[in-house]
Amino acid sequence: MRALTYAQAIREAHAQLLESDPRVFVVGQGLWSPWYAGGSLEDLDQRFGRARILDSPVSENAVTGLAVGAALAGMRPIVFHPRMDFMLLAMDPIVNQAANWSYLFAGQVQVPLVVRAVVNRGGEQGAQHSQALHAFFMHVPGLKVVMPATPADAKGLLAAAVADPNPVLYVDDRWLYSDSGPVAEDLYITPIGQAAVRRAGTDVTLIGISWMAKLALEAAQQLALEGIDAEVLDLRSLKPWDRPAVLASVRKTGHAVVADPGWHTCGASAEIAATIAQEAFSHLRAPVERVTLPDAPAPTSRTEEQAYYPHAGHIAEAARRALRWRTSGPDQYPEQRSEGPPEQCPEQRPEQRPDRRREEATA
Amino acid sequence: MATFIGCVMLSNLSIAVETEIRPARPAVQTSGIAVRRAELRVLWRTMLRIRRAEECIAELAEAGQARCPCHLYIGQEAVAAGVCAALRDQDSVWGGHRSHGHYLARGGSLEGLFAEVLGKATGCSGGRGGSMHLLAREVGILGTVPIVAGTVPLAAGAALAYQLRGEPRVACAFFGDGTLEEGHMHETMNLAALYRLPLLLVCENNLYSSHLHWSERRVLDNLHRAGEFHGVPGVRVDGNDVEAVLAAARAAAHRAREGGGPTLIECRTFRFRGHVGPSTDLDVGVKRRDALDAWLEHDPLLRCEECLRALGFEDLDGDTASVEQETGAALAAAEAAPFPEAARVLKHVWSSNPDGPYSPDGARREALCAR
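Protein chains in written order, with this note's numbering: chain A, 410 to 772; chain B, 1005 to 1375.
To be clear, the hints were calculated from the coordinates, so they are not data collected in a lab. Where a beta carbon is used, it is the ideal one built from N, C-alpha and C, also for glycine. Watch out, some of these pointers could steer you wrong.
[To be verified] Stretch by stretch, here's where chain A covers chain B in the computed footprint (C-beta under 8 Å, at least three residues): (1) 1120 to 1131; (2) 1145 to 1157; (3) 1181 to 1195.
[Said to hold, decoys possible] Residues from chain A that keep clear of chain B, each with C-beta distances beyond 10 Å, as calculated: (4) ASP501; (5) ASN505; (6) GLN517; (7) GLU714.
[What the hints assert, rightly or not] Here are some, though not all, of the chain A residues that point toward chain B, as calculated from beta-carbon distances under 10 Å: (8) SER429; (9) PRO431; (10) PHE434; (11) PRO466; (12) VAL467; (13) GLU469; (14) ALA471; (15) GLY478; (16) PHE495; (17) GLN506; (18) VAL520; (19) ASN575; (20) VAL606; (21) ARG607.
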């Protein structure tokens, strides 16, 4: 199969959807720009006309509302937010309107809307150009949330989102745009709500979201060198998320690490960890580990960025810690998981914690 | 049409200002009388139907039977009746928290409204919405919700859908004067002007946003000019003069259908009841006694009725009786209808039909054929 980059796969999905369904149109900021969407929408306006590829004024709220209204009137809009941070100005049409209307009118209407939000983290862009806010939207009944991690899923999940009769938040991450992978040429659907097993294993389950799924795979390779056989699940959909797949894997391995590219408190990882604790308690042989962003806004300077974003080593270390719990028990790690507010809680930098603690103890 | 003063000082806010800006009663005209007679009578009947329904709902609220918050339309009937008479069947209407009048002016079922307000399964929104969330796709009510300005961009989106599909339809958003204080109202005006959307923006300026008089919220009394900056022309009409409203809405709808883009219509009116519920808000300390008395003199129904009698209609009592009869029957049916099953509570969070219940024209055609 030929390979496409993640950005090319998104672009191809758009082109094929626009071609196959006259109800589909795209509206949002940067659509006529050669660079704004990182190549993921390049030249679509030339090919499909600027009536269907509507570059918009800087009006996140009204533009998103416009898309909701068009969806209610029988269209299949894709509203594009090149930076998810700015999409916060559109909370009303997404949360109050799109998510509510099916329920509010007892199923007499539906909102087949795709809200595409790009996470643009890194590159010293700082707190308002970097945020991964998927957990906000997971909280809202009536919204679906997907976060593809591979080029193939970037295409298949966009097609699924457009085909879905519900509002779907499609979150893609600029960190993945240049990743390359096999993508089928025809239009196809990656089902929403299904995780993908990226690596089968028996010792520990690594559950990754978006680029953290990629890091989880790297972590699994590190662990394999140590004789640890990790199973890697790419969650792909966050709402609904694939509880059966996650629970089946955790019941098999007895250990779970959830790797989420969002913040710690009330994050996606919290929901998944709580579900595992509740539904697979008797199979767990160690507490569920979480690798997340710390509870802090994104910094800009490269030194702080380096400290802020987790890497594969964090996930591997979390897996080792879970496995050590099985053999050594909690006494090796006496600190309580519930202690202190999050910013003081060392578990957000889990790999550093034991050393730092030891230093403090000897100082 | 009377002239309005454009600006008052905050310190001058007084009833006198409102009296000045209130238009004079229209003189009875004699030209085009045959058309006007028939049309005016239909408008009057529409207003009467709204008035009677709202009085019923006020009683239901007073009796504690209707528990959801009900924002009554009494006093503003000429706006809904006039605007909706300028629309065609295939046009869509979007509203807010005070939208019983819009729903009824489009021909929405009385029983469906009463049942909705009572929380019954047979309500127009399936008993899920209550007074503030109304839907009647069969008559083009595509949705009313109480988030201020919430449906204005949605109406623009429907207008965009019509434009993309090449359909000669318009979308019409009703909203109150407080809506012009919302950012996305202005964002939407800009979008609608830029894309030349077939959109009517109908501002019902009843002078109060909840308990706050306009002069406590703005310095200038110039809502009809709110779109100028965005390229949306505006017009101000006497919102208690149903013919003036109809004329303004016709011109705006014609412009929209011809590709001219959106128009903002400010209808000056007054609600006779309070912000929410059956009371007048005098009981909760809103100081509008004199204004209310003055506006009651300009009741849109009485004004229309006067015109009709001057035009020679002698048999209006028959209409009153038939509206009364229709209202009573609808209310009885709504009261007898069942509440939703509690087991329904988790249904409809998700739509499951991939093509959905709504095919834009199919559903419409079916509904129209069934009428």
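(message) I'd like to know which numbered hints this structure contradicts. Please list them from smallest to largest.
(response) As far as the earlier hints go, 4, 5, 6, 8, 16, 20 and 21 are violated by this structure, in ascending order.
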